[in-house]
Amino acid sequence: MAAHDPSSRRLPTVLRSLGFAAFVIGLVVFLAALVLGGYQLTPEGLSALEASGKISPDHRDAVLAQLEPLEGQWFRSPGGFIEAVDAALGAANSDLGGSLGDYQQGEYRFWITREASRGPAAGRTTLLFLLSFVLAALGAVAYFLPRLWLEPPGIKNHGVWFSSVRSRGAWGIALGVLLIGFYIGLYFFPAYIVNWIRLADPASRWLTGGPADRWFFYGFLYTLAILVMAVRMAVNYRHNRYQLVRTASVTFFQLGFAFLIPTILGALGKPAYDFKNAWPLDYHFFFDWHLKELMASGALGWFILFWGIGLSVLVVPLMAVFFGKRWYCSWVCGCGGLAETLGDPFRHLSDKRLKAWRVERFLIHGVLVAAVVMTAIVLANFFTAGSGHPLFGGITWKIQKWYGFLIGSIFAGVVGTGFYPLMGNRMWCRMGCPLAAILGIVQRFQSRFRITTNGGQCISCGNCSTYCEMGIDVRWYAQRGQNVVRSSCVGCGICAAVCPRGVLRLENGPTEGRINEVSLVQIGRGRIDLA
Amino acid sequence: MSQVVIIGNGIAGITAARHIRKRSDVPITVVSAESDHFFSRTALMYIYMGHMTYDNTKPYEDWFWDKNRISLVRGYVDQVDTEAKKVRLAGGRHLPYSSLIIASGSKSNKFGWPGQDLDGVQGLYSLQDLEQMEKSTAGIERAVVVGGGLIGVEMSEMLHSRGIPVTFLVRETSWMNFAYPPEESAMINREIRAHGIDLRLGTEIERIEGDERGSARAVVTKGSETQASETLPCDFVGLTVGVSPNIDFLRGSGIELDRGVLVDDHLRTSAPDVYAAGDCVQLRNPKPGRRPIEPLWYTGRMMGETIARTLCGEETAYDPGIWFNSAKFFDLEWQVYGQVPAKLGDGEKTLYWEHPDGGRAIRIVYRAEDLAVTGFQLMGIRYRHELCQRWIADGCPLPEVLENLGAANFDPELYRQYEGELVALYNRQHPGAPLRLRRRRGLKGMLELLRAS
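Chains as they are written, first to last, in this note's numbering: chain A, 1 to 531; chain B, 1 to 453.
Honestly, I wouldn't trust all of these hints.
[To be verified] SDA-like cross-link-like pairs, simulated, lysine to any residue; straight-line CA separation at most 20 Å:
#	chain 1	residue 1	chain 2	residue 2
1	B	LYS222	B	GLU209
2	A	LYS156	B	THR42
3	A	LYS156	B	ALA327
4	A	LYS54	A	GLY210
5	A	LYS156	B	ARG193
6	B	LYS444	A	PRO510
7	A	LYS355	B	LYS67
8	A	LYS156	B	ASP331
9	B	LYS22	A	LYS156
10	A	LYS156	B	GLY359
11	B	LYS110	B	GLU172
12	B	LYS67	A	LEU354
13	B	LYS349	B	ARG428
[Claimed, not checked] Here are the simulated distance ranges between beta carbons:
#	chain 1	residue 1	chain 2	residue 2	range
14	B	GLN429	A	PHE306	55 to 61 Å
15	B	SER71	A	ALA32	57 to 63 Å
16	B	TYR352	A	VAL177	55 to 61 Å
17	A	LEU354	B	LYS349	47 to 53 Å
If you're looking for bench data, these hints aren't it; they were derived computationally from the structure.
Note that CB positions come from ideal geometry on N, CA and C, so glycine has one too.
Isolated chain A (complex conformation) (with noise of 0.2 Å):
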């Protein structure tokens, strides 16, 4: 080992510089495309916005002949353009006699919006590309590789908490403003990111053959997020093979399963599917609509229909019985796979105190009430729907639309990522997500999955409560030689490898015993117990 040799380290700590400068000249383009340039429709424009199909044959006369006054005119922000076509827009549907729904309007307005862009993004949108995603995903990894020639492999927590931006300082706050603001931008504001979303559109040209919508740009940073994390996941933890599957199996599946097929299956016109994503993370799966959709699909989406249910009520929770909810937790699912990537260096912020434990059950619990009862209602809405009285009439709609916005937008993404530099990587995870609840109760009473405590070598450090993204008090039972079996746990193991004494390991065993008051070691003839 050179490690302690100045010449061996000067190469590497270069490359890590200039990689640290890549990135951050990539995030500045990234940041910059989004608020240079203006908006102008043009006729070219409007004519392009006419042939792309995104404007229903039915209103697409009434919408045009409404935008026609704002041709030529140029807009500097986003604000005072969007506003003109709202007016555009409310004028046509009262042509149309009211047909133009709220949904609608807002597609247009995404699509209209994101044609009239005349920022960087839209000239050059492949050298923009190169120059934020390209660049700064480069530069990451530049950043993150050279570790492997500058430090021998081991837990390498230095400096965590002097960090500003792992320590809730003033970076962590602002990235943490950053992150939430992006989330609200995509959620509830889409048209006013339309020059990000343009970014993504070599991309998407590329797999699609057509431009970014959000959800293509979403799906492919978070993607880009998690490959170019995973390989810092992968230098960190190059000394554990647990780490090193655990990383390459939630990359695999973000890639692949939630990213690449979907995508393709949605290019080809079929029901754009995440085949490992299970009800009720999936909570629209029961939505009449994506019901319809579904058996309008032939075989495919009769398929893709039993293939859910089965997953969701069959495959996932039995899993967890043999391996406990870290198989998809931390393994599969693709919040855990950002979590676990993006996320890794905030895990130590999740609050530990017993008061938070008492607010997730409260939380995460309730929230799997109202999947459950909102799907009953959906479903119960689905097959009266014929008889021409569908049991919850127009109430079901509300109901799915406030949990799309509370649970789905708010909690999953604004909070469950947003707060990332905040509150820690899991936030979502640990008090939100009702397939979280649903294995989270597998595992409590009815799984082969528990931590083991090695005997009495804990020294109560506190280094694997610190490090647990899901807040559990990982001390409190190691410290009492009890095995760790707790609803919460994703398995994603770092309090076992964050460990000094080598006391925990997650395991899958016999169920007699899992739950033990205190440890199996009985230290010496006085039987002293370590509760």
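Keeping the supplied structure of chain A fixed, place chain B upon it in accordance with the hints.
Same frame as chain A, now just chain B:
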């Protein structure tokens, strides 16, 4: 028993308090001069390295003590009056007791070297030491750590994590070769050096030189055998040459002291209703193979609970059971179960396997006579406490242990297992009837073995 007073809120004192509370409603007062709340001393290094905050090192939330009616008093006990049964705090406050537990821990050793009291020279034991170290090492250029024990390695690792170049002076010709067999000791030497520490074996400290402001400026060394002298410029000197019981405040109290507080098999001191636990204890009759003073987390915890039992009416003699310990040297984990001496005793034999990368090893010590295993030592590999202890307690013969050895492995899932190589090594050394590894890692196998024996 109407009032328990405990001096010291470390692992020994706090374990005693918790276990008394589990068994009794007697009022409990814990006095500490060091901190308001119990924290894990073993985690001090992680605060300095930025792995954890001070709050992260507290094993119990602050409300825990009120809820369990354990009153915490911040103060320094400067006198114990065993006649009137009360302790006096600096400042004059008195706390009467019906039972007293002394768990006052250790203090860092200094051996009278010239310059040992200069600014920038210190040991590492207490929270105050850590705060001092934080101040003394801010922006420094170079440090020297003196003393080849575990704390010396920890201090080197701490300084190294801040990018401070470290020279580490160790008197022995190989790190802790009085406690570790040569192979393990050499492995630890390599690990220390692989992290860029300038490890000087066979080197002692002669004196510390100061500058005009009274701060350390250099360490003058001498070779343990060669006597060759060298001056090492530095602005911080870590003295990690062991600890001794922190008992000066007990002088004159009438409690019998030697190097530590002398206690009998029930951890009773010479004074009525006064017990002692943890680092400050010196056993009058240690068990065979054990030292009278064992300043360890684990012994402190066991002693604390032993006293709690006795005080609550279940008279219990201190029995530390089969020796075990563990540590981490930079990235190299170490575990030991049973006795693994640096030099084999009469009638002892050993089986030692080392990975070709030089960073992992398994050693088993056994008796030549009946092949009964007496010790396990693991480097860079984790083993199960329960099973190793059971095999040692049962005097299980080596061949049987080897055939089942996989079940003792406690490494994370998907890690490579090396027990097969150990068995193959044994077979090469003992031609004849070859052994076969019958169990691999897994909870099921371990439970079967524990149940069968």
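Cross-check of the supplied hints:
no., hint, verdict
1, LYS222/B - GLU209/B, "14 Å, holds"
2, LYS156/A - THR42/B, "18 Å, holds"
3, LYS156/A - ALA327/B, "17 Å, holds"
4, LYS54/A - GLY210/A, "11 Å, holds"
5, LYS156/A - ARG193/B, "17 Å, holds"
6, LYS444/B - PRO510/A, "6 Å, holds"
7, LYS355/A - LYS67/B, "14 Å, holds"
8, LYS156/A - ASP331/B, "9 Å, holds"
9, LYS22/B - LYS156/A, "39 Å, violated"
10, LYS156/A - GLY359/B, "18 Å, holds"
11, LYS110/B - GLU172/B, "18 Å, holds"
12, LYS67/B - LEU354/A, "13 Å, holds"
13, LYS349/B - ARG428/B, "16 Å, holds"
14, GLN429/B - PHE306/A: 55 to 61 Å, "60 Å, holds"
15, SER71/B - ALA32/A: 57 to 63 Å, "60 Å, holds"
16, TYR352/B - VAL177/A: 55 to 61 Å, "57 Å, holds"
17, LEU354/A - LYS349/B: 47 to 53 Å, "51 Å, holds"
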